[in-house]
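A.B. asks: Given next are the chains, with one letter for each unit.
Number of protein chains: 2
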Amino acid sequence: MKKRSYNQACSLATALDLIGERWTWLILRGLLTGPKRYKDLLDQLPGIGTNLLATRMKDLVWLGIAEKSGNGRQAAYQLTAIGEQLRPISHALINWGRNFPDHAGADAQSRPQWDMLAIEAMFRPERAGGISVVMEFVLSGFVFHLAIRNQQCRAVIGPAVSPDVRITSDSATLIAIGNRETTVQSAEEKIHLKIDGDRNAFSLLFDLFE
Amino acid sequence: MKKRSYNQACSLATALDLIGERWTWLILRGLLTGPKRYKDLLDQLPGIGTNLLATRMKDLVWLGIAEKSGNGRQAAYQLTAIGEQLRPISHALINWGRNFPDHAGADAQSRPQWDMLAIEAMFRPERAGGISVVMEFVLSGFVFHLAIRNQQCRAVIGPAVSPDVRITSDSATLIAIGNRETTVQSAEEKIHLKIDGDRNAFSLLFDLFE
DNA sequence: CTGCATCCGCCTCGATACTG
DNA sequence: CAGTATCGAGGCGGATGCAG
Chain G
1 MKKRSYNQAC SLATALDLIG ERWTWLILRG LLTGPKRYKD LLDQLPGIGT NLLATRMKDL
61 VWLGIAEKSG NGRQAAYQLT AIGEQLRPIS HALINWGRNF PDHAGADAQS RPQWDMLAIE
121 AMFRPERAGG ISVVMEFVLS GFVFHLAIRN QQCRAVIGPA VSPDVRITSD SATLIAIGNR
181 ETTVQSAEEK IHLKIDGDRN AFSLLFDLFE
Chain W
211 MKKRSYNQAC SLATALDLIG ERWTWLILRG LLTGPKRYKD LLDQLPGIGT NLLATRMKDL
271 VWLGIAEKSG NGRQAAYQLT AIGEQLRPIS HALINWGRNF PDHAGADAQS RPQWDMLAIE
331 AMFRPERAGG ISVVMEFVLS GFVFHLAIRN QQCRAVIGPA VSPDVRITSD SATLIAIGNR
391 ETTVQSAEEK IHLKIDGDRN AFSLLFDLFE
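Chains as they are written, first to last, in my numbering: chain G, 1 to 210; chain W, 211 to 420.
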């Protein structure tokens, strides 16, 4: 059973042979928000065949892009250093995909972790010189936080130890504010947005992100 | 006849719906080295079905990623502004693919235009401050040139108007020199490398590129 | 219940032949 | 040269089974 390959002496073709198949990038999207168990990956990949996920994971581990820690019911997959190198590329692809905002239909699936990675992608390091801040988000009940330091931004699942600000909202509201379709004040009045802590830290959200 | 889609409200999934299918990135690779006719694209895509290339091109044009100029046998495809935004992403994928130098088998296909794009990908703008130089390459008979200015590098098919240096060689030799597996002097003695013009400009090749 | 493996129908792909 | 038509092969999607 030989794997299909472009069979070209080209690094782009090599990359596509390894991570260009259907679902692979979306598996990586799952791993880019932290280690995941098989079931957690499945939950973020609606429509994938369970066998396909299993073979993809075997390939990714074999290639040294992901690795498996623990086994049995505690087994979890995480990115290796080489897999982690795909993070900026995924950011770029996400930002490119925003050229087509109307692509997703009304019946499209959604997961808060996808928004989390999208926020990380929108970070603009060149605007973050000298800024150090931790923002905690509660988007439709899903909790994560952004740690911004040294012109780097990393999104992590779960609450922050000591956040400068906690933002309770949903992704649609934040997008609407970002697009100037609504105001912070209006969103707060409609209880679509709640800001706890340093409001200046909250306003950084619109300075440091696209 | 509906197209297969991940159907997710996620910009990464959107991007993959549009350019994540088999062959699409390699079609873009062809267009990233300049406008191409149907036949020229085919030549760079060994193994693709002609029907598949036709449908892919129709999709890319429909999406506004590529556009068709002229028609009949003079028709040519080129990238739109949105398609051009994929250039840095292709560079990043190429550089990531170089983590797996042994992937391509001995029977792998190769085309000089792939090397041309790979060289463009290896350019390090942060090392090119204040440098302005034009290098012409003749790799195994294929002619292109690099124009470096304002910390940008663009590879263009064909000879340069007034190159600072002309480098006649082949990609294997340049890679070997870059990896310190051979020296410039040795390559010149074996007539695997010929340098016409400013030798200092040639040495920039190893300063400005990875 | 999680973490897969097996099986099967279907859709996409790959190759060739053919047309304007 | 620039595609279209056709058809066999193989990867994918969904359901099911099963071991730890």
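None of these hints come from the bench; they were simulated from the model. Among the hints, a few may not be true.
[What the hints assert, rightly or not] Which bits of chain G does chain W cover? Going by a derived footprint, with three or more residues having C-beta under 8 Å, they are:
hint, stretch
1, 98–110
2, 113–120
3, 150–156
4, 172–183
5, 188–201
From the three backbone atoms N, C-alpha and C, an ideal C-beta is built for every residue, glycine too.
A.B. asks: Taking the hints in turn, state whether each one holds.
C.D. replies: The hints, checked one at a time:
Counting residues of the stretch 98–110 of chain G whose C-beta lies closer than 8 Å to any C-beta of chain W gives 10; at least three are required, and the coverage claim holds. Beta-carbon proximity to chain W at under 8 Å applies to 3 residues in the stretch 113–120 of chain G; the threshold of 3 is reached and the given coverage holds. Here's how the stretch 150–156 of chain G fares: 0 of its residues keep a CB closer than 8 Å to some CB of chain W, so the rule of at least three is not met and the hint is violated. Given as covered by chain W, the stretch 172–183 of chain G fails the check, having 0 residues with a CB less than 8 Å from a CB of that chain where 3 are the minimum.
Counting residues of the stretch 188–201 of chain G whose CB lies closer than 8 Å to any CB of chain W gives 0, so the stated coverage by that chain is violated, three being the minimum.
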